[in-house]
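Engineer: Residue numbers (my numbering), protein chains in the order written: chain E, 1 to 201; chain A, 1 to 342.
A portion of the hints provided could be inaccurate.
Think about it this way: if two alpha-carbon atoms lie no more than 35 Å apart in a straight line, the pair counts; the simulated DSBU-like pairs of lysine-lysine are [stated by the list, open to error]:
#1 A/K313 - E/K174
#2 A/K143 - A/K73
#3 A/K143 - E/K174
#4 A/K73 - A/K83
#5 A/K50 - A/K69
#6 A/K143 - A/K83
If you're looking for bench data, these hints aren't it; they were derived computationally from the structure.
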Amino acid sequence: MIQALIFYVFAAITIASGVMVVSSRNPVHSVLFLILAFFNAAGLFVLLGAEFIAMILVVVYVGAVAVLFLFVVMMLDINFVELRQGFMKYLPIGMLIGLVIFVELFFVVTSWVIAPDLITTAPAPDASQVSNTHALGALLYTRYVYLFQAAGLILLIAMIGAIVLTLRSRPGVKRQRISAQLARTTEETVEVVEVPRGGGA
Amino acid sequence: MDMNAILDTYVIPTAIILAQILAIVVPLLVAVAYLTYFERKVIGAMQMRKGPNVVGPFGLLQPLADGVKLFAKETILPAGANKLMFAMAPMLTFILAMIAWAVIPFDEGMVLADINVGVLYLFAISSLGVYGVIMAGWASNSKYAFLGALRSAAQMVSYEVSIGFVMITVLLCVGSLNLSAIVEAQKTVWFAIPLLPMFVIFFVSALAETNRAPFDLPEGESELVAGYFVEYSSMTFALFFLGEYANMILMSGITAILFLGGWLPIFDIAPFNWIPGPIWLALKICFVLFFFLWVRATFPRYRYDQLMRLGWKVFLPFSLLWVVITAGVLVAFGWVPDPVLG
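Chain E extracted, bound-state conformation:
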C-alpha cells in the first residue's frame, strides 16, 4: 500500500513538473522543473527495482545535461515576449506534429509485445541472485557489445562535430604554451647587471 502511494506521489510530481516545464514563463524555472521531473523519474525506477538506471539517470541527466541546459538558459539573453508573439500562427502546425507523434506512440504501445523467443533465450535474471549492475553489464558487454560500441562511436562523432563547428582560428590570438613556459631556465630569462652607483636611473 505504501509502495503504491509512493508511486502515485512520484508519478504525479513527474507529470506536474513536466507540464510546468512547457508552461512556466521563466526559462530557468522550466529547467529546474525538468530537473524535478528527472528526479522523480529516478524515484520511479528505484520503485521498480532498477536502482542502477535510477542512479545513472540522476548522474547523467541531472548532474551533467541539465547543468549545461541551465548554463545556456542563464547565459543567453533571449527575449521571451518576442518568442511568444507568433504563438497562434504556429499553433496548427504544432498541434499537427503533436497529433502525428501521439498516433505513432499509440500504435507502438498498443502493438508492442515481448518477443516470444526472448523469454526462453535470455530470461530476465533473478533479482535476488544477481545485482542490477552485474546483470546489465553481463548483457551490455556480451550480447550487445557491437551496438554499445556503435553508440560510443556516434557520441564521439557528435563530439568531434561540435568541436569542429565551434573551433575558429582567429589571427592574433596569444596562446599559452605551457611546455615553453616550463622549459624556461634562469639563465635565459634573468640577467644580473652590475649597475654603478647613481647610474640606475
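Fit chain A to the given chain E structure using the hints.
Structural biologist: Frame of chain E; chain A shown alone:
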C-alpha cells in the same frame, strides 16, 4: 488492521529509522562545528598564531558562539532577488550534504541504507551539489554572485569527470558498487597503495569539488568578494557554510572508504583491532581533513585557466589511462574479482 499491527508495521520502523538518522546527523553537525575550530587552530599553528583561544577553555566554545552570532543576525532578502529560489538554494546545499551520509558504512553492517549502488548514489548526490551554487548565484541577481556561480559550476562539472574515473578504477578492483564491499575488499591491502596515483588525483579533485583552496576561485575574495553567496546573511549563509564543511567531511569520508580501508584498522593485530571500527573511520577522516587544511595554509590560489587545464588536460587523460591499465593488469594476471552480491 488493528492498532497493534499498524504500530508494528509502520510506527516502530519509522521511529527506528528516524533515530538512526538523528544518530548520524547530530554527530555530523557537531563535527562540522568543530571542523571550523580545527581549521582555525591548525592554520593558526601553521602561521605561528594561537587561533581561537578566548571563548571557553582553549577556545572550545568558539564554534557555538559563532553559531549563536549567525542565528541572531538579520536575514536579508535582496530586493531584486528571486525570493523562492534565493531561499531554496542554501537549503538544497545543506540537505544534499546531509543525505549523502545515508550510504556511508561506519562499521561492518553499521549503515543506514546498505544499497547495491552506493558509490553511484554518492556520485549522483555530489553531482547535484552544483545546483545549490547555481541557484544561489542566479537568484541573487548580482554580478559577483552570478560570476562566482558560473565559475563554480564549470569547476565542479570538470572535476566530477576525473572523480568518476577514479571511482571506476576502484570498482574494477572490487567488483561491486556497494561501499561495505569496497571496504571489505581492502582487508589485505588498502587501495591507497596499489592505486596511489588515483588516490592523489581523487584527493586533488575532492579539493576542487568542495571549492577549497587552492581551487577556491568561486569565492575568490580578491575578485568576487565572496562569490555565489555574497548576498547571503545570517542563517542562509550559515546553511551554505555548514553544507560546505559537511561536504568536506563527506569527501574525506569517501576518500577513507575508497582508499584508506574505511573502518578497518591499520594492522589487524592486537592493539589496533581493539579500537572499534567507527573510531578508525573517524580517525581516517580527521587525517584526510588535516590534509585539506594543510593545503589551504600552504598553497596559493590557482588561476582559473590553470584550474581548467589541470582538470581536463591532465587529470582526465591520466585517470582514463589508469582505468585502462588497471583493467589490463587485472585481466592479464587473472585478478578480476568475482561479482560480489549485495
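Engineer: Take the C-alpha atoms of A/K73 and A/K83, compute the straight-line distance between them, and say whether it is at most 35 Å.
Structural biologist: The hint holds at about 19 Å.
Engineer: Hinted pair, alpha-carbon criterion (35 Å max): A/K143, A/K83. Please report holds or violated.
Structural biologist: Roughly 17 Å separates the two Cα atoms, so the pair holds.
Engineer: Starting from A/K143, check that the Cα of A/K73 is at most 35 Å away, please.
Structural biologist: holds, 24 Å
Engineer: Holds or violated: A/K50 and A/K69, Cα atoms, limit 35 Å.
Structural biologist: Distance ~22 Å between A/K50 and A/K69 Cα, so the pair holds.
Engineer: Under the criterion that the straight-line Cα-Cα distance not exceed 35 Å, is the pair A/K313, E/K174 satisfied?
Structural biologist: Between A/K313 and E/K174 the Cα gap is close to 19 Å, so the pair holds against 35 Å.
Engineer: Given the hinted pair A/K143 and E/K174, is their alpha-carbon gap at most 35 Å?
Structural biologist: Judged against 35 Å, a Cα distance of about 28 Å means the pair holds.
Taken one by one, the earlier hints all hold for this structure without exception.
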